[in-house]
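Colleague: For the record, the sequence lines run as chains A and B.
Counting along the first sequence from 1, when you hit position 159 you're at 142 in my numbering, and nothing is skipped either side.
Counting along the second sequence from 1, when you hit position 190 you're at 173 in my numbering, and nothing is skipped either side.
Everything labelled a hint here was simulated from the structure, so no lab data went into it.
Quick caveat, the model's predicted, so the values are computed rather than measured.
Some hints here could point you the wrong way.
No distinction is drawn between identical chains; accordingly, a pair holds when it is met within one copy or between any pair of copies.
Mimicking BS3-like on lysine-lysine, the simulated pairs with C-alpha atoms at most 30 Å apart in a straight line are [as the list claims (entries may be wrong)]: (1) LYS94 x LYS162; (2) LYS191 x LYS94; (3) LYS191 x LYS40; (4) LYS191 x LYS162.
Residues per chain are reported as follows:
There are 2 protein chains.
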Amino acid sequence: MTASRTAPTDLYFDFLCPFAWRGVELADVLRREQRLSFRLRHFSLVQGNHPENPDRKNPTWWLHEQGAGEGSPSQQASLSAFLAGQAAALQGEEAAWAFTLALLRARHEHKGELDEGTIRAAAGEAGLDLTRLEATLADDAVLREALAADLRDAAALGVFGTPTFVLPDGHAAYLRFSKLIRDGTGAQALWELYGEVLHSGAGIETIKRPR
Amino acid sequence: MTASRTAPTDLYFDFLCPFAWRGVELADVLRREQRLSFRLRHFSLVQGNHPENPDRKNPTWWLHEQGAGEGSPSQQASLSAFLAGQAAALQGEEAAWAFTLALLRARHEHKGELDEGTIRAAAGEAGLDLTRLEATLADDAVLREALAADLRDAAALGVFGTPTFVLPDGHAAYLRFSKLIRDGTGAQALWELYGEVLHSGAGIETIKRPR
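Next comes chain A alone, as it looks inside the complex (with noise of 0.2 Å):
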């Protein structure tokens, strides 16, 4: 039960998903209170959505592989942010934490536009080191490619939206909520069912509300 508590739950998430902010801040609450360990993933709708991947364990269009400035605003956007995001890693896990946050809060709680601008805020506001951000973002070939390693790792299990957690168990669903949850109560209890319903004897492959 120990090693449970501490091999990590991957949270493959997307900057531009509302769902997935909830669901870091749903992740950081329970790391912070509970002591549970999860891992920062990178998943692109802008990928998994593109046109050119039918096939969603087997995309041929990479988001990692496109020039900056390339492509639609949401596919500039989500490029960005997802190299800002493997440059904030590399100053470490809480760096990583704090700007992932920020720049969340900053599109979905504050409603900012999701571009440079805001990055470079969130960047601030997380203390991160900007010199070097800026620098290791100037040659970004070693974030392009960690960024790969999430897309790919996603794509092979299927990820298909934001969030997806994946237990260390290997047991992995979507979780769409609508309600922010910033009480170490409310994530327990949520983070509780979601287990369940992952790990019933019945076998739930989908709970789904009607739109």
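The hints should help you fit chain B onto chain A, whose structure is shown.
Modeller: This is chain B only, laid out in the frame that chain A set:
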């Protein structure tokens, strides 16, 4: 609390769907052993996935308007099965359950074809009045109107797959699970977990495993 035990939960299903079969088996255990009340209702996957119905809530192509013997084999089979199900319901609630279970089991447990022969065999196994059944089916305007009512209610709700349960309090969700559950303990555990998800304070909208 007594009221919610007696007000029925609507159970939308399609004879074509193996997950709907498991959902009807689940409901049958719960109604027999827990005295929960379920109402069998028809949702058509052929209609829901029809290319002329891009807007799930406002279909233009309706299964109940199709002629007997028209369309694809699965369209013909599902219309025949639904009309027979509606005819069985005219012989009483227990007749409807017996027929529905017999036909779902014939198709999904015993891997029979969903065709006129299997439908008649299920009617016999369910103990229906077969003479009355044939008379009802021969003049099927009433059956088609009853099917239309189910299809309209499903469309208004946005049902997209089966089984979908609609609780008396209005909470509703598609529930897909892989294990056949015929024991009371297992059925109760799954049903309580499903209810916890629907009533969670987190506003859970979707839990879905990647495939």
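Colleague: Determine for every hint whether it applies to the structure shown.
Modeller: Do the hints match the structure? See the list:
no.: 1; hint: LYS94 x LYS162; verdict: within (17 Å within a copy, 43 Å between copies)
no.: 2; hint: LYS191 x LYS94; verdict: both (27 Å within a copy, 27 Å between copies)
no.: 3; hint: LYS191 x LYS40; verdict: both (22 Å within a copy, 16 Å between copies)
no.: 4; hint: LYS191 x LYS162; verdict: both (16 Å within a copy, 18 Å between copies)
The structure agrees with every numbered hint stated previously.
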